[in-house]
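Chemist: The residues making up each chain are set out below.
2 protein chains.
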Amino acid sequence: MAKIAVLGHGVVGSGTVEVLLKSKQSLEKKAGQELEVKYILDLRDFPDSPYKDKFVKNFDVILNDPEVKVVVEVIGGINPSYEYVKSSLLAGKSVVTSNKELVAVKGAELLKIAHENNVNFFFEASVGGGIPIIRPLHQCLSADKIIGIAGILNGTTNYILTKMIRDNMAFGDALAIAQKLGYAERDPSADIEGADACRKICILASLAFGKHVYPESVHTEGITKVTAEDVEYCENFGGSIKLIGWAQRQDNGKIAIMVCPAFIREESQLAGVNDVFNAILVCGDTTGDVVFYGKGAGKLPTASAVVADVVIAAKLNSSSNTLYWEDSENQDFVEKKENIVCGHYIRLSGVTKAQAEQVFGSVKYLVRANAPEGEIAFTTEPISEKECADKLEQLGGELMGNIRILDY
Amino acid sequence: MAKIAVLGHGVVGSGTVEVLLKSKQSLEKKAGQELEVKYILDLRDFPDSPYKDKFVKNFDVILNDPEVKVVVEVIGGINPSYEYVKSSLLAGKSVVTSNKELVAVKGAELLKIAHENNVNFFFEASVGGGIPIIRPLHQCLSADKIIGIAGILNGTTNYILTKMIRDNMAFGDALAIAQKLGYAERDPSADIEGADACRKICILASLAFGKHVYPESVHTEGITKVTAEDVEYCENFGGSIKLIGWAQRQDNGKIAIMVCPAFIREESQLAGVNDVFNAILVCGDTTGDVVFYGKGAGKLPTASAVVADVVIAAKLNSSSNTLYWEDSENQDFVEKKENIVCGHYIRLSGVTKAQAEQVFGSVKYLVRANAPEGEIAFTTEPISEKECADKLEQLGGELMGNIRILDY
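So the sequences go chain by chain: G and X.
Be aware that the first sequence starts at 12, since it is given in this note's numbering, and climbs by one per residue.
Be aware that the second sequence starts at 12, since it is given in this note's numbering, and climbs by one per residue.
Bound conformation, chain G alone (with noise of 0.2 Å):
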């Protein structure tokens, strides 16, 4: 019999409850053993939940029954969860969550309390909701070096933007219509802004590069400038834009790591990734290139990693040691944003397209329908952060669009 506390009662933490509940018996085969919610810790009052008996106010009674096998904490950010999560494996519990942000700032530190405490930190849910992807990283692709991970992360902006694509939408008027749909939040920052995104490719790539990176190390951009022009002109380049969290390995063998809207071809399998769909790319020296596929977020897919995640927690009895990375208060391993290297689509006012062949070199032209007077768009080799910024500030003009494009 393993005893389970469920810490948060919120959209993820009540479909964890159900699903327990739903699937208890196919559930208990698969752990080998029963399986309970004894606890459920909330603030809020829930008089007239079938499980109100389970609710409880005070962490510490969790903390304090040693009944306790598998702590799931779903409650979101840093504070009090990280409190609640040391301690719990301090005291020889498992825990899993579904935070990405607890495990994009503290998972290296998490992870070692839980192998010093011969118990586990399990966290499928903080990345791509209910696709498999840590798990299928850690232990499917093992034999593989990592060379690199592009990940459409982040559901909503994914909205966003195909709305615009599909429906020529300008930005603010998709965001208006994630927000009515329950997609966006009222305050869509987090999203939008690419923190979302950035705590998730910090995870995959700790995970897969074996050293933790800290989300402060990522430069990150949100699709806040992403135009209706610019989407257009994308796709008569034969692609689109997309938010990609992307980390890669360098020959000089640092990680290039970023957040930011990309030309995507449309030959890749990120392309056809639509509306609150996310998939993850992982390219490894003997596989290849392999794509996960799913809704990254939503009550029931995010609560059916978590309880996938219980089951196995609830299984073992030691640690699974081989789901670690190292701490690196030192990320000098990441490469730093001026030396990352990659095309750029560029579309401004204001220069003549001889200008911008003297500045740039050998650039291709795109074209849109009614494009007014004065404004180019092209497309440059590959270029180094610090040489576009640098040669952009030569030219001179008006910069109204500036895009990554990259080859996954």
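Keep in mind that the hints were calculated from the coordinates and are not lab data.
No incorrect hints appear here.
The list cannot tell twin chains apart, which means a pair is met if one copy fits it or any two copies do.
Here are the simulated lysine-lysine pairs, DSS-like style, with alpha carbons at most 30 Å apart:
id: 1; residue 1: K33; residue 2: K156
id: 2; residue 1: K156; residue 2: K63
id: 3; residue 1: K222; residue 2: K33
id: 4; residue 1: K14; residue 2: K326
id: 5; residue 1: K156; residue 2: K35
id: 6; residue 1: K222; residue 2: K40
id: 7; residue 1: K348; residue 2: K236
Fit chain X to the given chain G structure using the hints.
Modeler: Leaving out everything else, chain X in the frame of chain G:
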């Protein structure tokens, strides 16, 4: 220290040894111990091999060596693989295989023997080559009730269909190119007649639904009857033809399962899977659709999956008893072919539209440029196989194409 024996030194076998040696250090870190290839079994001589001192011709040397913890079976076929695998498991050695025929025909029995002997029988590489699918399906989606699975499971046929679609080529010409490029074998029947895809969907269905589905229970059609004309009609209808292995939980509790060329609409995540790539769509009741994409065959991708299994098998000291399905001589849980329901694309000549409508009721006509006089093509509403066959017989005329329409 875990000592390993590799049975077979063909494409996958030599790749497995290569990956084990190339990535020795990182694999040993993941396995938590040294990994050593002690034996390679092959009847042929490899006098110039760098591993020539490891070769043996007598399986008993391996079987009787208590130091061998993991046996890798990459010979293929049933004989002598089945005997080798069975006796290894009985001797307390874990087995890793890429042999889909063996798993599809003997999986339930071998899993049972593995669990009785507290060892493991792993086969990630048997489906989808380097694509993680077996472990994600049984671990990460364990909280889901699987509703359906549909996959492009054979790279050779997908390459041929891609050539037919892109270059408007006839089947025979596309097959000849595939053979020239080494994508199709000289005797391509196991691929083009669907037997290979059938074995793989049997393995996936057995794992997803918990009961062994045997290949002979599955109606299997290959792609030899698909014509350039069918391809053209289907493109105009907004999709493409793929060889799909699929299994679906029905309302009556039975499993509908089939391998057949199928119309897949453009928006499906399976539609953009081209050339030798594979993709597997899994639909779970809580997670929804999840898709796994990558190289479904090839020396190194397959070897990578084998080696990842070896690492886990080396680490475990007991049976991972959730990877399991029941044997079932009685295949009554598999829906009879005649009762399986789906829409059909039908192309025929010698009948009028009025006659077609009289027999099939509401149909939707398809068009292609330069269709000869008297040819008609249409799609039906979902009907059972029996109903479709009966109606075609009643209608008469010359049937030239009949492709099932799947909604994945």
